[in-house]
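Trainee: Work the whole structure out from these sequences, hints included.
Heads up: the protein sequence lines correspond to chains A and B, in order.
Just so you know, the first sequence maps onto residues 1 to 630 in our numbering.
Just so you know, the second sequence maps onto residues 631 to 776 in our numbering.
Accuracy of the hints is not assured; some may be wrong.
[Stated by the list, open to error] Below, computed lysine to any residue pairings styled on SDA-like, alpha-carbon distance capped at 25 Å:
id: 1; chain 1: A; residue 1: K406; chain 2: B; residue 2: T640
id: 2; chain 1: B; residue 1: K682; chain 2: A; residue 2: F363
id: 3; chain 1: A; residue 1: K332; chain 2: B; residue 2: L638
id: 4; chain 1: B; residue 1: K745; chain 2: A; residue 2: E501
id: 5; chain 1: B; residue 1: K682; chain 2: A; residue 2: P437
id: 6; chain 1: A; residue 1: K301; chain 2: A; residue 2: S130
id: 7; chain 1: A; residue 1: K197; chain 2: A; residue 2: L471
id: 8; chain 1: A; residue 1: K406; chain 2: B; residue 2: R634
id: 9; chain 1: B; residue 1: K682; chain 2: B; residue 2: L648
Simulated from the structure, these hints should not be mistaken for lab results.
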Amino acid sequence: MIEFGHLAAFLALAASLAQGVLGLTGARALAGRAAVVAFAVMALSFATLLVAFAQSDFSLALAANNSHTLKPMIYKLAGVWGNHEGSMALWCLVTLGFGAAGALWMRTGRDVFEARALGVQGWLAAGALSYLLFASSPYLRLDPAPLQGAGLNPVLQDVALASHPPMLYLGYVGFSFVFALAAAGLIDGRIDRVWAKEARRWALAAFIPLTIGIALGSYWAYYELGWGGWWFWDPVENASLMPWLIGAALLHSVVVTEKRGSFAAWTALLAVLAFLFSIMGAFLVRSGVLTSVHAFAVDPKRGMLLLGGLVVYGGLALGLFALRAPKLEGGKPWQMLSREGALATNNVVLVVAALTVLLGTLFPLIAEATGRTISVGEPYFRLTFVPMLAVLLAVLPVVQAWTWGKADLSGVWKWAAGGVGLVAVFLLLGVSVWDIPLGAAFGLALALWLIFGALWEVRRRAVTLARVFRLPLRVWGMTLAHVGLGVFIMGAVVETTQRYEATLALPAGGSGTVAGWNITLNDVHAIEGPNWYADKAVLTARKGSIKAEMAPTKRYYPASRMPTTETAIHKTAAGDLYIALGDRRDVDGETRWVFRVYFNPLIDFVYLGVALMALGAFFSLVPTRRRRTA
Amino acid sequence: MRARTRRLWTFAVAAALLLAAATLAFVALRQNANLFYTPEVLAENGIPEIGKDVKVGGWVAPGSLAYPGDGSEIVFTVIDNSPATITVSFTGIAPDLFREGQGVVAIGSFDADGKFTARQLLAKHDENYQPRELKPLGAGPAASAS
Chain A
1 MIEFGHLAAF LALAASLAQG VLGLTGARAL AGRAAVVAFA VMALSFATLL VAFAQSDFSL
61 ALAANNSHTL KPMIYKLAGV WGNHEGSMAL WCLVTLGFGA AGALWMRTGR DVFEARALGV
121 QGWLAAGALS YLLFASSPYL RLDPAPLQGA GLNPVLQDVA LASHPPMLYL GYVGFSFVFA
181 LAAAGLIDGR IDRVWAKEAR RWALAAFIPL TIGIALGSYW AYYELGWGGW WFWDPVENAS
241 LMPWLIGAAL LHSVVVTEKR GSFAAWTALL AVLAFLFSIM GAFLVRSGVL TSVHAFAVDP
301 KRGMLLLGGL VVYGGLALGL FALRAPKLEG GKPWQMLSRE GALATNNVVL VVAALTVLLG
361 TLFPLIAEAT GRTISVGEPY FRLTFVPMLA VLLAVLPVVQ AWTWGKADLS GVWKWAAGGV
421 GLVAVFLLLG VSVWDIPLGA AFGLALALWL IFGALWEVRR RAVTLARVFR LPLRVWGMTL
481 AHVGLGVFIM GAVVETTQRY EATLALPAGG SGTVAGWNIT LNDVHAIEGP NWYADKAVLT
541 ARKGSIKAEM APTKRYYPAS RMPTTETAIH KTAAGDLYIA LGDRRDVDGE TRWVFRVYFN
601 PLIDFVYLGV ALMALGAFFS LVPTRRRRTA
Chain B
631 MRARTRRLWT FAVAAALLLA AATLAFVALR QNANLFYTPE VLAENGIPEI GKDVKVGGWV
691 APGSLAYPGD GSEIVFTVID NSPATITVSF TGIAPDLFRE GQGVVAIGSF DADGKFTARQ
751 LLAKHDENYQ PRELKPLGAG PAASAS
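Mentor: Below, the structure is given as structure tokens:
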């Protein structure tokens, strides 16, 4: 079976090479067929891996190292991509999938352009497949086959985390097709409105799963790691944030190219960068050059190959860009104070924000080259990233109403007065009533400002109530995304500044008080699951008339000799009461259990906000029907 | 002419933003880049500024783990291949793979007595993973900890 899958992967490589050659020579139909064939055989190949994992075929080295007969079926399957080799196979599959989807659904009416895009995608796939087959093959056999597998890393045995890598890869690799479109457009010398219309759809198709994938990873870290937080500015997290920021910039810039023909070169550059940042993310995560709390077992040699790929593809694309960008046609004229100017500012801020994240992420490497070992933590990102985001959001509601070409500035003073007034009110309230830091009050004002601005924009566009429901889906998409951003900021500000945490060491029957909650430990007993056993603490949390039973557990997975934390979360309207069980400690002859108790206010707003952003992007992707002329 | 003015403006705005970002980044890095101390480095260079965030790393000395209070605080000794040691105090749940003899990286600050109060112990997700800063040591507890 696996040999068949191995062979199929070679066939996929051959087909993607054919796709690459045929595509670049301009044969649209043939390249399209090659793309579909390549995807189909790679899907078969991936299926053989899935089958081997499902059947616990431990003669497959990958299954032996990452699976176990006692694992539930879903984690047996997720085990395929819960490791380096398997995740690279997934990367290849998704690359070919986007190629095939492109072959079937591109609609520009430009055959040669589409063929070239497929061709570039073919070469990207060929690179990924070569890396898979020659540097990290998931198809290797073990002889003799072990009787039992080593098990998937237990912290990864979780529904959110099982779906996190496929989502993230759909996003990362989705940008490969945007990259291919940009390269084809640059070869053509045409980055125009037709190009932008096509590129926008694919950029959204990548951006949506990337957003969901990041949120899933963050949500998993929140409830599984037991640290109470949802974002740690860790290199592995930053590696996914950077392509997201570039992608967000791209989505705003490609609209200008689509509607006005302007920003052609800049949009093409962002389209190239989004994918380059994605490869860099894979490099940072897989090479182990950076210290990460989410570190995976790593291999420097593979890191070098990924870096090589980044340099080759990046060099070619940027070289092509340098050759063609000066010759691209400009769009309609515009002044600085216009919708174009506003979106240009949006782009500069988003890209600079991505660069500060890059600097903070790579700085430990730079410092190491000079002989010092340092790390860069959350305070750096708070000082650099957050103010930039604040500038961006503060102007958004004002400039949203600006028209293309030249803005009507007559209403700006009202907006400025409104904004300053809102901030002043919040600062006053923050200091006198809520007793929160100034920054938090400012952040809350900003979030509300953003939500208000997004809704006001709907009102402005619709004019009358009846027409609100006939606005194009794209407008709703934008509104949802901006409201989502506001909701996210509200949650992020409140959660990070008002989080309350404490450590309790309780004997059975003991109790303690955290954030107004009285927490009593009733009992700790042992329980067993399919491939783990656990200590389960049963606690009662009381606040006023609210009473909640909470049962944080600590699991031990004998197959991998590792414990994991299963937190208990009690949701209230104001936030999550969150309890993680720590270790058992014998203090003065008495057995005590350690608990980390958090109150995370408005944490759901963080995820709700991100979900709204993804939903907004989805609405923007749905093709608009031609409106009947009224 | 118009296009040129506009381009100038765009560049000016972009340059201003970049400059502001660079300044912010520079200041933030100066203040917030955490230096990394092993017991040996600490013995050579002395204690860093009191209260400043730094990282320490080494191996948890076997037999050094103690609970001086009600059990919520743990105190342990970090060693490396040198005779020097660092005493670390941490309140909270230690990472799942934290045990005596294991490599550990802690973030926190020193007090005047040279005692280190950690606000975070770095966890590993993976049994095979070693913090990069901890070069595997030839002798001592390091050998048993991989």
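Trainee: Tell me, which hint numbers fail for this structure?
Mentor: 9
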